[in-house]
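Note that the protein sequences, when read in sequence, are chains A, B and C.
Throughout the first sequence, residue numbering follows the numbering used here, covering 1 to 131 in sequence.
Throughout the second sequence, residue numbering follows the numbering used here, covering 132 to 538 in sequence.
Throughout the third sequence, residue numbering follows the numbering used here, covering 539 to 723 in sequence.
FYI, nobody ran anything at the bench for these hints, they're computed from the structure.
Be aware that a few hints might be false.
[Stated by the list, open to error] Cross-link-like lysine-lysine pairs, in silico, PhoX-like; alpha carbons within 25 Å at most:
1) C/K626 / C/K568
2) C/K568 / B/K318
3) B/K180 / C/K580
4) B/K534 / C/K601
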Amino acid sequence: MANTGWDEFEIGAMLRTFEGEISDIATTLQEDRKYTQNSSFSASVADWRIEKPVFNKDYCIDCQFCWIYCPDISIISRDKKMIGIDMDHCKGCGICVEVCPTNPKSLLMFPEVADEEREIENWPAKEKKEK
Amino acid sequence: MAFDKMELRDTEVWDGNLAAAHALRQCQVDVVSAYPITPSTPIVEGYAKFKSDNYVEGEFIMVESEHAAMSGCIGAAAAGGRVATATSSQGLALMAETLYQASGMRLPIILNIVNRALAAPLNVNGDHSDMYLVRDSGWIQFDAFSPQEAYDLNFIAFKVAEDHEVRTPAVINQDGFMTSHTAQGVKTMDDDTAFNFVGEFKPMNDMLDFEHPVTHGVQTEEDWHFEHKARQHNDMMTIVPQKIDAVFEEFAKLTGRKYNQIEKYDMDDADVAVVCMGTSVETAREVAKEMREKGIKAGVVGIRVFRPFPFMAIAEALKDVKAVAALDRSAPGGTAGALFNEIAGSLFNSDSKIVLSGYIYGLGGRDLTKRHLVDLYTELQANADAGKVLTQQQQFIGVRGPKLAYL
Amino acid sequence: MLEIRWHSRAGQGAVTGAKGLADVISTTGKHVQAFAFYGSAKRGAAMTAYNRVDDAVIMNHEKYMEPDYVFVIDPALVYTSDVTINDKQNTVYIITTHMSTEELIASQPKLEGKRVYTLDCIKIAQETIGRAIPNTPMLGAFMKVSGMYDMEFFKESMKRILAKLPQKIIDANMLAIQRAYDEVK
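If we strip away everything but chain A, and leave its shape as in the complex, we get (with noise of 0.2 Å):
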């Protein structure tokens, strides 16, 4: 695509989203649409991240609150339930773990390179708030 000729795009500044023709989108899950090449979902920011957000279901509520805030639709639900995070679309901004109301949180974020299942096993434990 990075080196498609001036004669080989549909004319207009225009992009089509899906290939061919969709019906029904809004009951079709992400993973199962037929996204071009050129829709941003085709396209990994994962390299973007220098920190990663890990998700400890331990603890999570299912309150959504990281699902509304994040800037990249990269937290997947599930029939309300959140069952874990986009890693080829999220940027690792961290505003998941800041929404994020548990005590200890569900969502904290740690080095790209980190092991994901230790992080969990050493999960901090329930602060207790000073009076």
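Following the hints, complete the assembly by docking chains B and C onto the known chain A.
Quick look at chains B and C alone, frame taken from chain A:
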């Protein structure tokens, strides 16, 4: 919702504005988004009245500026409607940014520009400053010399612009007041004939096609912008001229009125010729005939299609002419007139021995009289006899004070 | 080529009059042109409107004109505008005034030796239409002076042009046209 048809006489006495408004009605334009300005106001006002009287099925969007007017047109065109508006002068200047958006997005919007001077000093009368201001905006530009042509060229413009191989917006220029407010006989088409000529609007990549979602107006930066602009230019240079010729031909079959990218009058054996635009073309035609009675073989070339510029056709039309004048109705702002430069460019690598001189005239609606043109043809004949330009290459005509000549 | 220049004030209907006249003439197969100089287009400001009539399509778009007829539809313009500018030997003037032709010429010596007809279009319009819109009376006077068309044909044509107005106003205009035809001297 059904709309009413209007009974027209074969010849109506219309000014250029009313003629254009009827054309928009007969094309059944879906959306007019407009911010009225003199002298183009009656075009959009006319559409609005036809709409409220149920002679057209469409929407009129009143906006807060010309920038918003064209933005509304762009949105409506991207959504998939037949769209038009009108403006003049300062309004066009404010609209200029969005014109480039429309052409880059390949949206077939029709814009009637009723040509008017640009301030300062403020002036509502006709000259071609506004036409020149947006000449490189990527729009197809037609020029009407009379109310009849303002009517006809609207139909032609819709048909060319909306063609799926073209998909490029088009301007129809007409002279402020001299055409827009001058009533003359206009041969009409009945509503059905007129609509059938342009046909139903055929959407392309429209945003209201929910089965094929598209993003319009994307950002491309260094890696894509050049290819997009190259494609736009290529289509203007190769596809658009052919489509224009084909539609001119089709229109002639329907009405008997044949248009050409350049209009040649008395050019077959002309020694001297003027090249100009707008109402001046017709006045010059009349003077050329009178010059021929005096033994000067005079001709006229009118620029019907200003963009894409008929570069090769100009060279061809002028190849046997001895002296030619380019008439520019716009302040050149420190260079030769635009038409002078375009014509010089088309003649430069040809074998022609023609001598070319430029004239700046008619700013702010200043009258171009027949006497001016008689003097001009006489001067051209002297140039033709001498085989060189005897005056300076750029002269002002019709301006008070000491003679102005440069270059 | 027949050329007419109207002297009027913005709002008195010279443009409508010129376009109406062009429309009537156009129906007889002639070619017409009607235009105006608006200037700053303020109601009450002096302005001029123009007609050209010819057997061939009119190509000439210059504003300069040596008129065959000059219509003056506001009585003060004879004194404040040069209504004789660019006239010809045989230019015919039709001027609205409350005075007789002789009195008018005496009050404006520029008109001396010219072919001048007068009538009071303002008074006729006020008494028939109820407003000082002197354009249609001027056309009635023009029909008399020029003998251009049969009066019945002209009135029928004007009825078509005015068709969108209420019947009462159309009738009043017909009366105004007829009175002007009868009263111009």
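To see whether the hints hold, each was checked on the structure:
1. Note on C/K626 and C/K568: the hinted pairing holds, with a Cα-Cα distance of about 23 Å set against a maximum of 25 Å.
2. In summary, the hint linking C/K568 to B/K318 is supported, as the alpha carbons are separated by about 13 Å, within the 25 Å threshold.
3. A distance of roughly 24 Å separates the Cα atoms of B/K180 and C/K580; the hinted pair therefore holds under the 25 Å criterion.
4. With a CA separation close to 22 Å, the supplied pair B/K534 and C/K601 stays within the 25 Å bound.
Every hint from the earlier list agrees with this structure, and none is contradicted.
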